[in-house]
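*Asks:* Sequence:
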Amino acid sequence: MDGALAVLNSIRSKVMMPTCVTYNILLDAYCKQSKLDIAMDLYRNMTCEGLKPTVETHNTLLHGLCGLGKPMEALTFLYKIQDQGYMLDIVTYRTLLDGLCKNRCSYNHFITATTLIRSAGSNSPCNASEVLAFRFHSPVLCKLNKWEEVNLLLKQMMDKLNISPDVHTSNILIDAYSKSGKLDDAKRLIEMMNERGDYPDLVSNTTLMHTYCTQGQMDGAFGCAGKH
Numbered sequence: 001m002d003g004a005l006a007v008l009n010s011i012r013s014k015v016m017m018p019t020c021v022t023y024n025i026l027l028d029a030y031c032k033q034s035k036l037d038i039a040m041d042l043y044r045n046m047t048c049e050g051l052k053p054t055v056e057t058h059n060t061l062l063h064g065l066c067g068l069g070k071p072m073e074a075l076t077f078l079y080k081i082q083d084q085g086y087m088l089d090i091v092t093y094r095t096l097l098d099g100l101c102k103n104r105c106s107y108n109h110f111i112t113a114t115t116l117i118r119s120a121g122s123n124s125p126c127n128a129s130e131v132l133a134f135r136f137h138s139p140v141l142c143k144l145n146k147w148e149e150v151n152l153l154l155k156q157m158m159d160k161l162n163i164s165p166d167v168h169t170s171n172i173l174i175d176a177y178s179k180s181g182k183l184d185d186a187k188r189l190i191e192m193m194n195e196r197g198d199y200p201d202l203v204s205n206t207t208l209m210h211t212y213c214t215q216g217q218m219d220g221a222f223g224c225a226g227k228h
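For the sequence shown, full-length UniProt numbering assigns the number 1 to the initial residue and increments by one for each residue that follows.
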């Protein structure tokens, strides 16, 4: 990588300005080699030279921070760039939330992250950031047995924002409800899916069928089996 920096310096010495693409390639390489300090120095140099970082620039650095077990630094960095008005995308938020999950961050950290994501929802097409926030946030609430908050979050998402969780997100909740013995909640969610025309898939019905079996409700289990 010393050779890469030499090339960058050579470009400057020839009165040629490196582009965002040049920097993005270097940032990606240094992050993959866990040389985050050098990557952040390059990022600062990039902005000092008047270049505007792209979405790819920030996603690369966030991925590097999370990959090195520094999700809180990633969260702070995201606050900073969002405050500076940079455009971000779903990959940005997915990277952060995935990093928080993998590094087993606290519930409060998830609250902070999802609040940050919702504040940028207007910049995300089809409110995709809301769906993403819900998808990552709801399993954390389920694991902490915060069922009232799960149901409140679902209600707010559907009633106030007019956004329905997709099948994948619904399946996460159905699985969590079922494993906690909350069969009525799981059935209610499947009924809601049917009402909005987002029909349960094989995963949805298999999960519910397994729960019926473990609770000895074989009629319900046979009913699920008959749907596929």
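Hints are computed from structural coordinates only; laboratory data are not their basis. Among the hints, erroneous ones may be present.
Pairs of lysine-lysine residues, derived as DSSO-like cross-links and limited to a Cα-Cα distance of at most 30 Å, are as follows [as the list claims (entries may be wrong)]:
#1 K182 to K155
#2 K102 to K155
#3 K146 to K187
#4 K143 to K102
#5 K70 to K146
#6 K70 to K102
#7 K179 to K143
#8 K80 to K70
#9 K155 to K187
Cβ-Cβ distance ranges computed for the label pairs, FRET-style [to be verified]:
#10 R188 to N145: 16 to 22 Å
#11 M192 to K80: 37 to 43 Å
#12 L68 to T47: 40 to 46 Å
#13 D41 to Y86: 16 to 22 Å
#14 C20 to G69: 42 to 48 Å
Since the model is a prediction, treat every value here as computed from it, not as a measurement. Where a beta carbon is used, it is the ideal one built from N, C-alpha and C, also for glycine.
*Asks:* Hint by hint, note whether the structure agrees.
*Replies:* The hints, checked one at a time:
no., hint, result
1, K182 to K155, "17 Å, holds"
2, K102 to K155, "27 Å, holds"
3, K146 to K187, "19 Å, holds"
4, K143 to K102, "14 Å, holds"
5, K70 to K146, "26 Å, holds"
6, K70 to K102, "11 Å, holds"
7, K179 to K143, "10 Å, holds"
8, K80 to K70, "16 Å, holds"
9, K155 to K187, "16 Å, holds"
10, R188 to N145: 16 to 22 Å, "18 Å, holds"
11, M192 to K80: 37 to 43 Å, "39 Å, holds"
12, L68 to T47: 40 to 46 Å, "22 Å, violated"
13, D41 to Y86: 16 to 22 Å, "19 Å, holds"
14, C20 to G69: 42 to 48 Å, "28 Å, violated"
Of the numbered hints listed earlier, those contradicted by the structure are 12, 14.
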